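Here are the chains, one letter per residue:
Number of protein chains: 2
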Amino acid sequence: MFGAIEAGGTKFVCAVGNSPDDIIESAVIDTTSPEKTMAQVKQFFQQQFPEPIRAIGLGAFGPICLEKHNENFGSILESPKESWSGFNIYRYLTSNFKVPIHVTTDVNAALLGEFYFGIAKGLHSVVYLTVGTGIGGGAIINNRLISGISHPEFGHMMCKPHPKDIDFKGVCPYHGGHCFEGVASGPAIKARSKKPGYEISEDDELWDIEAYYLAQLTFNLVSTFAPQKVILGGGVMKQSHLFDRIRTHFNLLNKGYTQLDAFNLNVNELVSPVALDGNAGVMGCLYLAKYGFGKLVT
Amino acid sequence: MFGAIEAGGTKFVCAVGNSPDDIIESAVIDTTSPEKTMAQVKQFFQQQFPEPIRAIGLGAFGPICLEKHNENFGSILESPKESWSGFNIYRYLTSNFKVPIHVTTDVNAALLGEFYFGIAKGLHSVVYLTVGTGIGGGAIINNRLISGISHPEFGHMMCKPHPKDIDFKGVCPYHGGHCFEGVASGPAIKARSKKPGYEISEDDELWDIEAYYLAQLTFNLVSTFAPQKVILGGGVMKQSHLFDRIRTHFNLLNKGYTQLDAFNLNVNELVSPVALDGNAGVMGCLYLAKYGFGKLVT
Chain S
12 MFGAIEAGGT
22 KFVCAVGNSP
32 DDIIESAVID
42 TTSPEKTMAQ
52 VKQFFQQQFP
62 EPIRAIGLGA
72 FGPICLEKHN
82 ENFGSILESP
92 KESWSGFNIY
102 RYLTSNFKVP
112 IHVTTDVNAA
122 LLGEFYFGIA
132 KGLHSVVYLT
142 VGTGIGGGAI
152 INNRLISGIS
162 HPEFGHMMCK
172 PHPKDIDFKG
182 VCPYHGGHCF
192 EGVASGPAIK
202 ARSKKPGYEI
212 SEDDELWDIE
222 AYYLAQLTFN
232 LVSTFAPQKV
242 ILGGGVMKQS
252 HLFDRIRTHF
262 NLLNKGYTQL
272 DAFNLNVNEL
282 VSPVALDGNA
292 GVMGCLYLAK
302 YGFGKLVT
Chain R
12 MFGAIEAGGT
22 KFVCAVGNSP
32 DDIIESAVID
42 TTSPEKTMAQ
52 VKQFFQQQFP
62 EPIRAIGLGA
72 FGPICLEKHN
82 ENFGSILESP
92 KESWSGFNIY
102 RYLTSNFKVP
112 IHVTTDVNAA
122 LLGEFYFGIA
132 KGLHSVVYLT
142 VGTGIGGGAI
152 INNRLISGIS
162 HPEFGHMMCK
172 PHPKDIDFKG
182 VCPYHGGHCF
192 EGVASGPAIK
202 ARSKKPGYEI
212 SEDDELWDIE
222 AYYLAQLTFN
232 LVSTFAPQKV
242 ILGGGVMKQS
252 HLFDRIRTHF
262 NLLNKGYTQL
272 DAFNLNVNEL
282 VSPVALDGNA
292 GVMGCLYLAK
302 YGFGKLVT
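Sequences listed follow chains S and R, in order.
Residue numbering for the first sequence follows the numbering used here, beginning at 12 and increasing consecutively.
Residue numbering for the second sequence follows the numbering used here, beginning at 12 and increasing consecutively.
Read the hints as simulated data drawn from the structure, not as lab findings.
Here the structure is a predicted model, which means the values were calculated and not measured.
Take these hints with a grain of salt, some might be off.
[What the hints assert, rightly or not] Straight-line alpha carbon distances no greater than 27 Å define the calculated DSSO-like cross-link-like pairs of lysine-lysine that follow: (1) S/Lys266 <-> R/Lys180; (2) S/Lys180 <-> R/Lys92; (3) S/Lys79 <-> R/Lys240; (4) S/Lys201 <-> S/Lys266; (5) R/Lys47 <-> R/Lys92.
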């Protein structure tokens, strides 16, 4: 039996199963304080499964230190979630469960799910973006998970403002309207229109602005990684009409520079929705629990 | 004896040596037509070194197809250098030299040089940018060379215009002033001021604009790869006063989000000049000739 903890900023999803596609039980726990939330996590695994689990895969919200030899490995860095800043979630788990704990970000966990079991099955180079409360991302290039001294933060790349969006101040607590998270996350949509995305008409001009930014971010990631696919998930992407708009803007921005056809690709395959909505993260965590990083990280 | 071909857009540098730090002879050949240039390359190796070389490392200008199983592997894709578009430089070399040919981009070759013998020796995650006729880039993350279906094109990421540069139309033949190459390459500097960078005073406001763009690109790459170092080389970076300006702008853009201190880094180490100016490319090619990709690419 293996354990999964998808530790998101608003909820934790815990699960146990024999493999990523054989989940036996799961539970959702609110993300409150580290003490309270982690006590519930501990209870889920220890009380419901007295038979020890063999390993745990953890996909945690960030910023989190993932540098192997750093004394802060597994620690949440300075974060707007103040009570979590400095909390070492890896250390908590290793001191409570005497099994291997494999740690990555929540976004990488979802990427792993889609990579091994979802829309990107069989590919070797894939970028994943989640557009919701924030904009997060991860990448597997040539079957390797990308991680330098830390995990990627694609959403904080700088953006070129849409001509009709110049005056919007943005919502990123660090970068205002300078970064993609500041202008294209769920809270940015709400800040402009005073209502959440799912209440905004498909005809609203706001979606063209949104698609322009997400196309720009996709284009930057294609220019950086040359992936076979850029998967877009998260709450905002439930507006499925966005995909064709993003593809149209991508072509307008690219202007033929990245020669997709030379690699037998087209924009419809490149810009892709998720396949495992809601389950990708837990499946990715269970993959990690069962197989570890293996060939994923050098 | 090993062979190196640093195949740049304006000149080819060919060399032979026992190892990257033991170059015996080299020659510079103008980049004209494929037939003419490659005949001179052939002549350099065959006439001057009748004793067969054991392998050749090639670092070629792009866009070039580097997808292993693609029938166009080693072919220059559609490019402003029309006579080279569709020319397969790898096939030319394999049919003329019966030795292993290891192919990468000219920028990756320079990155390899700096990574193994220069400013990045001993590190595991490094990004390299060359700012000259164009803006090119490469990355080694966790000791792996980054390459999806194709090589990186960092210079074509979209940029946020400097407030004093809004009206500049840019010089990128594909993206005008929308991408970094369009606004911060050598030709962009010349298009604004009607003279090359080395004739422009250090006090000129243009350098602040230039530094803003390069800081933005650096910031995007830090947000993407979380490298230990971003090396900036190429003709424009010979203006060494740019480095401190870029560091200042980097801090202004980052606003403390990427917590360098958590990883024992600081902006002075992060934003770095090259160490092997002029030789990095050939050394990288000789490294490839001697050692192949080894652990560099999966």
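| field | Hint numbers not upheld by this structure, sorted from lowest to highest | value | Hints 2, 4 not satisfied by this model.
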